[in-house]
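For this one, chain A is given, so just place chain B on it according to the hints.
Read top to bottom, the protein sequences are chains A and B. Under the working numbering, the first residue of the first sequence is numbered 1, with each subsequent residue one higher. Under the working numbering, the first residue of the second sequence is numbered 552, with each subsequent residue one higher.
No lab work stands behind these hints, which were simulated from the structure alone. Just so you know, not all the hints are guaranteed correct.
Unchecked claim - Derived pair list, reagent style EDC-like, types lysine to aspartate or glutamate, alpha-carbon separation capped at 16 angstroms:
| id | chain 1 | residue 1 | chain 2 | residue 2 |
| --- | --- | --- | --- | --- |
| 1 | A | K16 | A | D92 |
| 2 | B | K611 | B | E621 |
| 3 | B | K704 | B | D685 |
| 4 | A | K9 | A | E493 |
| 5 | A | K546 | B | E597 |
| 6 | B | K643 | B | E675 |
| 7 | B | K704 | A | E452 |
| 8 | B | K556 | A | E506 |
| 9 | B | K643 | B | E706 |
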Amino acid sequence: MNTKSVNPKVDRRDGKLAIAHFYVAFIALAIGGLAGLLQTLVRSGKFELPSWTGYYQILTIHGVVLGLVLTTFFIMGFQLAAVSKTSGTLTDKQRLTGWIGFWTMTIGTVMAAIMILTNQASVLYTFYAPLQAHALFYLGLTLVIVGSWIDGAAIIMAYSSWRKANPGKPSPLLTFMSLVNTLMWIVATIGVASTVLFQLLPWSLGLVERVDVLVSRTLFWYFGHPLVYFWLLPAYMAWYAIVPKIIGGKIFSDSLARMSFILFLLFSIPVGFHHQLMEPGIDPAWKFLQVILTFLVVIPSLMTAFSLFATFEMFGRSKGSTGLFGWVKKLPWGDARFAVPFIGMLAFIPAGAGGLVNASHQLNQVVHNTIWVTGHFHLTLATSVVLTFFGISYWLVPHLTGRVLTKAMNKLAIIQGIVWAIGMTFMSGAMHAAGLLGAPRRSSFSTYGGSEQAAEWIPYQVAQAVGGSILFLGIILMLYIFINLAFFAPKGEEEFPVGEVADAAEKTPMVFENWKLWLGITVLLILFAYTIPFIDMIENAPIGSKGYKFF
Amino acid sequence: MHIHKFEKIWLIFGITTLIVFLSVIGVSAFYLGNQPPSCLATVNPEKVDTTEPFNEPGLKKVEGKEWDYELVFVASAFAYNPGQVEVPKGAKVKVIATTKDVIHGFQVAGTNINMMLEPGYISEYVTTFDKAGDYLIVCNEYCGVSHHMMSSKIEVVE
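The shape of chain A in the complex, shown without the other chains (with noise of 0.2 angstroms):
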């Protein structure tokens, strides 16, 4: 079967490279933790940040830290290990290619890092023009996309040299994922980058007075949504080939699990329009086509959800339990490497419905950037994402530390589980609710003068804050089990799982992996999607706006 893995375990000096990968991502947990901490203490209005330093500072760092530290390094290194486990211990020249990349990252990281720490870049990680950050901010970012590339060109380069190696076979699921992950990220990125070379960075370095703002902002959120599904699809490997490896089942199927990582590649990107849905100067029709695009992944993600179910029925009626739903006693509860995604996986469930608000042509006036958003985000990244990566650092950072996950380890993983589960209920669930009574989002504590409406808002507020300390607990938790799993567990042989496909599955057509033809059309959707308007944009363009620094 073709997703049996060429390695019994992940080559030492692989696992260097994706370890320290998860070094970086573990350290901006514990900063980016604490700076959630604060925010919803902060917001409670019971409680207020010394002097130096204020709200929108400690903001900018959570988002930057957590949405887009800790997830790159941390997918990053993930579909760096998987593709050596299941291509094959990578070439020197595909290693270096990979340390180049995570030490661009890293250097990128501590530049944003000084510039967001000495309040030079005090403009959230969305950066929206014309408040105009320090241009070695924007550079870091810029270092940070860059070296996501060259690691994503480690991926794509192991991937090649296994195809030449297989002719005409298909590749192992785990790689092919990785890579469809890796393309979307690197035509989605070329948004953002655009945007800052040829915008930000010339306008915070003086040499052009003025910015398009609309056309700035449309070209970060062409790379704003499709980097959620670059968050979104590393735990969809784990889910599709990695969970029923561990409830010891079978993959239902290889061929749909690859149709719909395709569909992803090919519907989240032509659908940012979705997030500017309440700006001017983009005309509606063309809202609604990206908001009928954006619709589309609603497909994959039925087909994900089915194939994860059928698995778990599969495995429970092959262990003899009988009844519609008796297969359910017969999941691994006790197994934090099944328990913990699949609390994540729960999640996903609310955060689908929410997103479907959010992304609708008229609905999301309700709650446009109101705190149901961050209710939102917080179920499906800080949730079903995060958990399912936490689900599988129980198992892949012993396995590349030469170590293994202690019974007691795995308890106290699977405390963390329900901890997170806890503090999200209280915290995600209050910010949905004060979303629909109008709270605004990326807000320091106000009462806006005594007015009523507001005072509303505050028993949630408070909700949050009651929330957001049990996740800190959450977090701690957490990074005790890394430092416990990276440092000082029982030496050992931990498995690294990689599903295999149940023996009724029909053989994996080999059409998934024409990357002339997926590739192909999903640039003609991305020109269908935005070129039009983008030259309406440039067109009726007002003059661009300078610069400001209100903070």
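Structure of chain B alone, referenced to chain A:
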């Protein structure tokens, strides 16, 4: 490629639901005219104060249009002009707003009025105020250090 029977049923159900849902918002958008605020008009952000109608922010009665009043707002860091305004109950109002500096939000809490204000562009939304009371306007897009102090108020009076 083989697709399991149950998965086919699941996907057909899902896709049908999707088509129904998209048709509903499509009809709402193009037949009932429920479009998001997407006015394609521009303005020089540095000359807002001397450009009509932003030279006189506030509520104005208009004749011969589909709406009875125009309510003009100018946003800048960190305030709206006017800072407070009275609107008669039941009035059909076109809200017209823009910004003089950075991006601001314009959200009337508890209503569907929610617009981004971007330098160089005019944002518009037509609505009817049919419930009396005070409505808080908040800036819901981060605009700088006093972002959370930026607000205004619409009083809908009998």
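task = Kindly indicate which numbered hints from before are broken by the structure, ordering the numbers from low to high.
result = Structure breaks no hint.
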